[in-house]
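Based on the provided sequences and hints, a complete structural model is requested.
Here is what each chain is made of, one letter per residue.
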Amino acid sequence: DVKVTQSSRYLVKRTGEKVFLECVQDMDHENMFWYRQDPGLGLRLIYFSYDVKMKEKGDIPEGYSVSREKKERFSLILESASTNQTSMYLCASRSQPISYNEQFFGPGTRLTVL
Amino acid sequence: AQKVTQAQTEISVVEKEDVTLDCVYETRDTTYYLFWYKQPPSGELVFLIRRNSFDEQNEISGRYSWNFQKSTSSFNFTITASQVVDSAVYFCALSEARSGGGADGLTFGKGTHLIIQP
Numbered sequence: 003d004v005k006v007t008q009s010s011r012y013l014v015k016r017t018g019e020k021v022f023l024e025c026v027q028d029m030d031h032e033n034m035f036w037y038r039q040d041p042g043l044g045l046r047l048i049y050f051s052y053d054v055k056m057k058e059k060g061d062i063p064e065g066y067s068v069s070r071e072k073k074e075r076f077s078l079i080l081e082s083a084s085t086n087q088t089s090m091y092l093c094a095s096r097s098q099p100i101s102y103n104e105q106f107f108g109p110g111t112r113l114t115v116l
Numbered sequence: 004a005q006k007v008t009q010a011q012t013e014i015s016v017v018e019k020e021d022v023t024l025d026c027v028y029e030t031r032d033t034t035y036y037l038f039w040y041k042q043p044p045s046g047e048l049v050f051l052i053r054r055n056s057f058d059e060q061n062e063i064s065g066r067y068s069w070n071f072q073k074s075t076s077s078f079n080f081t082i083t084a085s086q087v088v089d090s091a092v093y094f095c096a097l098s099e100a101r102s103g104g105g106a107d108g109l110t111f112g113k114g115t116h117l118i119i120q121p
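First to last, the sequence lines map onto chains Y and Z.
Just add 2 to wherever you are in the first sequence, counting from 1, and you've got our numbering.
Just add 3 to wherever you are in the second sequence, counting from 1, and you've got our numbering.
Since the hints were made in silico from the structure, they are not lab data.
All figures in this text were calculated on a predicted structure; none of them were measured in a lab.
The reader is advised that the hints may include incorrect statements.
SDA-like, lysine to any residue: derived pairs with alpha carbons at most 25 Å apart [what the hints assert, rightly or not]:
1. Z:Lys41 to Y:Glu71
2. Z:Lys73 to Y:Glu104
3. Z:Lys6 to Y:Glu64
4. Z:Lys41 to Y:Arg46
5. Z:Lys6 to Y:Met29
6. Y:Lys59 to Z:Lys73
Here you go:
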């Protein structure tokens, strides 16, 4: 089974802190994604990476950055957390190269910024 | 720009009733892919089905069926004889093909919260 894991299920941080959300997949997938999920808004794409050291902005990249130093790991970074970044964050992976392949999701990290 | 609309925010039915979840999409591409995902209370999205734009055949998998109609840009999902375990949030999503390969994310609808009452 494809396994996508995220470092924390729940996280509480303070405004201005630097926050790292980690995602690891064990199926040698090339593509990885970060989404945020908010009530009434569904899932929105923050960043994605189609290979190691590659990254592209999604629909809502402001306030976020990412890092992909190894194929299996994709990190989302909040440089200076703000309260409007309180959300559920979902990581996903997919095998290259075609859009036809489904994405496999991790369990999510519920981040609260106080 | 691509867009997915799930007009039904919440649906509540009694167990064993049939229920249809609507999904309407917008895209300028001729090649695209449609997906349905289920998100149970545990939070992890579970892939249910995909359909590419060239395949308009309906699909049935057990109690689940999907009706894809390009003429109305719809990809509706029906659960027959619903069960309490079907209670979840269901998302419809769209992915456009990118020439030359490369990754692209999914555009999700806002989801339909399905409640199956015993």
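Checking one constraint from the list: CA of Lys41 (chain Z) to CA of Glu71 (chain Y), max 25 Å. Satisfied? Since the Cα atoms of Lys41 (chain Z) and Glu71 (chain Y) sit roughly 31 Å apart, the hinted pair is violated (cutoff 25 Å).
Taking only the CA atoms, is the gap from Lys41 (chain Z) to Arg46 (chain Y) under or equal to 25 Å? 16 Å, holds
Going straight from one Cα to the other, do Lys73 (chain Z) and Glu104 (chain Y) come out at no more than 25 Å? 21 Å, holds
Between the alpha carbons of Lys6 (chain Z) and Glu64 (chain Y), is the straight-line distance 25 Å or under? 21 Å, holds
Restraint status (C-alpha distance of Lys59 (chain Y) to Lys73 (chain Z) at most 25 Å): 30 Å, violated
Is Lys6 (chain Z) close enough to Met29 (chain Y), meaning Cα to Cα at most 25 Å? Since the Cα atoms of Lys6 (chain Z) and Met29 (chain Y) sit roughly 30 Å apart, the hinted pair is violated (cutoff 25 Å).
In summary, the structure is inconsistent with hints 1, 5 and 6 from the numbered list given earlier, while agreeing with the others.
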